[in-house]
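Peer 1: Sequence:
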Amino acid sequence: MGTPSASTSNDPSSSTPAGAAASDPKQAGRSSSGSEPRPGGSTAIVATAFGGPDGLAAVPVEIREPGPGEVTVQVRAAGVNPVDYKFYSGVYGKNAALLPMRLGREAAGVVTAVGGAGALRVGDEVIVYGGGANGLYATDVTVPAGAVVPKPGELSWEIAAGLLLAGATALHTLVATGVGVGDTVLVHGAAGSVGQLAVQLAVRRGARVIGTAAPARHDQLRAWGAEPVAYGPGLADRVRALGAVTAAIDTVGTDEAIDVSLELVADQVRIATVAGQGRATGTGIKKLGGAPGSDPGTEIRAHAWEELVPLAAKGELELVIARTFPLTEAAEAHRFVAEGHAGGKVILLP
Numbered sequence: 316m317g318t319p320s321a322s323t324s325n326d327p328s329s330s331t332p333a334g335a336a337a338s339d340p341k342q343a344g345r346s347s348s349g350s351e352p353r354p355g356g357s358t359a360i361v362a363t364a365f366g367g368p369d370g371l372a373a374v375p376v377e378i379r380e381p382g383p384g385e386v387t388v389q390v391r392a393a394g395v396n397p398v399d400y401k402f403y404s405g406v407y408g409k410n411a412a413l414l415p416m417r418l419g420r421e422a423a424g425v426v427t428a429v430g431g432a433g434a435l436r437v438g439d440e441v442i443v444y445g446g447g448a449n450g451l452y453a454t455d456v457t458v459p460a461g462a463v464v465p466k467p468g469e470l471s472w473e474i475a476a477g478l479l480l481a482g483a484t485a486l487h488t489l490v491a492t493g494v495g496v497g498d499t500v501l502v503h504g505a506a507g508s509v510g511q512l513a514v515q516l517a518v519r520r521g522a523r524v525i526g527t528a529a530p531a532r533h534d535q536l537r538a539w540g541a542e543p544v545a546y547g548p549g550l551a552d553r554v555r556a557l558g559a560v561t562a563a564i565d566t567v568g569t570d571e572a573i574d575v576s577l578e579l580v581a582d583q584v585r586i587a588t589v590a591g592q593g594r595a596t597g598t599g600i601k602k603l604g605g606a607p608g609s610d611p612g613t614e615i616r617a618h619a620w621e622e623l624v625p626l627a628a629k630g631e632l633e634l635v636i637a638r639t640f641p642l643t644e645a646a647e648a649h650r651f652v653a654e655g656h657a658g659g660k661v662i663l664l665p
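In terms of this note's numbering, the sequence shown opens at residue 316 and continues consecutively.
Read the hints as simulated data drawn from the structure, not as lab findings. Among the hints, a few may not be true.
[To be verified] Pair ranges (Cβ atoms, derived): (1) Pro530 / Gly431: 50 to 56 angstroms; (2) Lys401 / Ala529: 23 to 29 angstroms; (3) Ala531 / Pro383: 32 to 38 angstroms.
No residue lacks a Cβ here, since even glycine has one placed at the ideal position from N, Cα and C.
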């Protein structure tokens, strides 16, 4: 196994601004050396083995010079997402040829080199998401120009790096279930990174929102316009007491979320899950995301940034950052996420 380079490649789990096709997660850029590394060297996080976070390691990488239609970005922040764990844990298979595996599907940073990439210029602040980009847990990455969009100055690096994968997932759930004016939608895991964005986007679409969360998160849900309920035994009765539910979105993948949704929503095609695909098989529930047999929502996710970024820049869409970690503490960040109930997005800072 050679030294990974700081270029990136396609990802079967994420949809893209360019609508690029899926590819091998290992191909986060094995190539010959290109431009000189940043002072002090460049670093990326790789999974050295399938299993838990203990297999994650920080390794030195080369920065490949951008070719035509590519840019090199100095990463200022990178978002942590469950799909990263699913790849290195072996949920999607354990092909040893994929190791060491680069991780990371979204980031934000500054363009440091361009390879004839149209209007992009050195110094531009950008968000990197999809479009063939992968391996973004790094200090520097070379990516297709189609994988970057402008970062508004109003957005912090942390928000910019954490917004698009969760936001695109949330938007996909709402489109798939047809949530709009007159609906009452139940959002399971309403305080999580996907759930909180689904809540806010559903409210903007004129829906009434009921969200499950721990009591400590209820005030925040109310501030976003949702009616909070505690999860746990008796959930169906607590929700039913608030009125009829016309759609449900599961972001947690628990049996409770699936069972309560099926009990309360008359039309099963108006239930969607992004986390309980296995449990939902054969129920009529829509399975969304990168798991085998799920709807990837490629077109919806490719254009999601056009709605999400302006809203966040204007302060009309909020993303709670639960915690930040240094890039070299990626394993600890993943342990924190694995504990559950983070209450927002986790971000790595190079």
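Peer 1: Could you work out which of the previously given hints the structure breaks and list their numbers from low to high?
Peer 2: The structure conflicts with hint 3 only, although it agrees with all the remaining ones.
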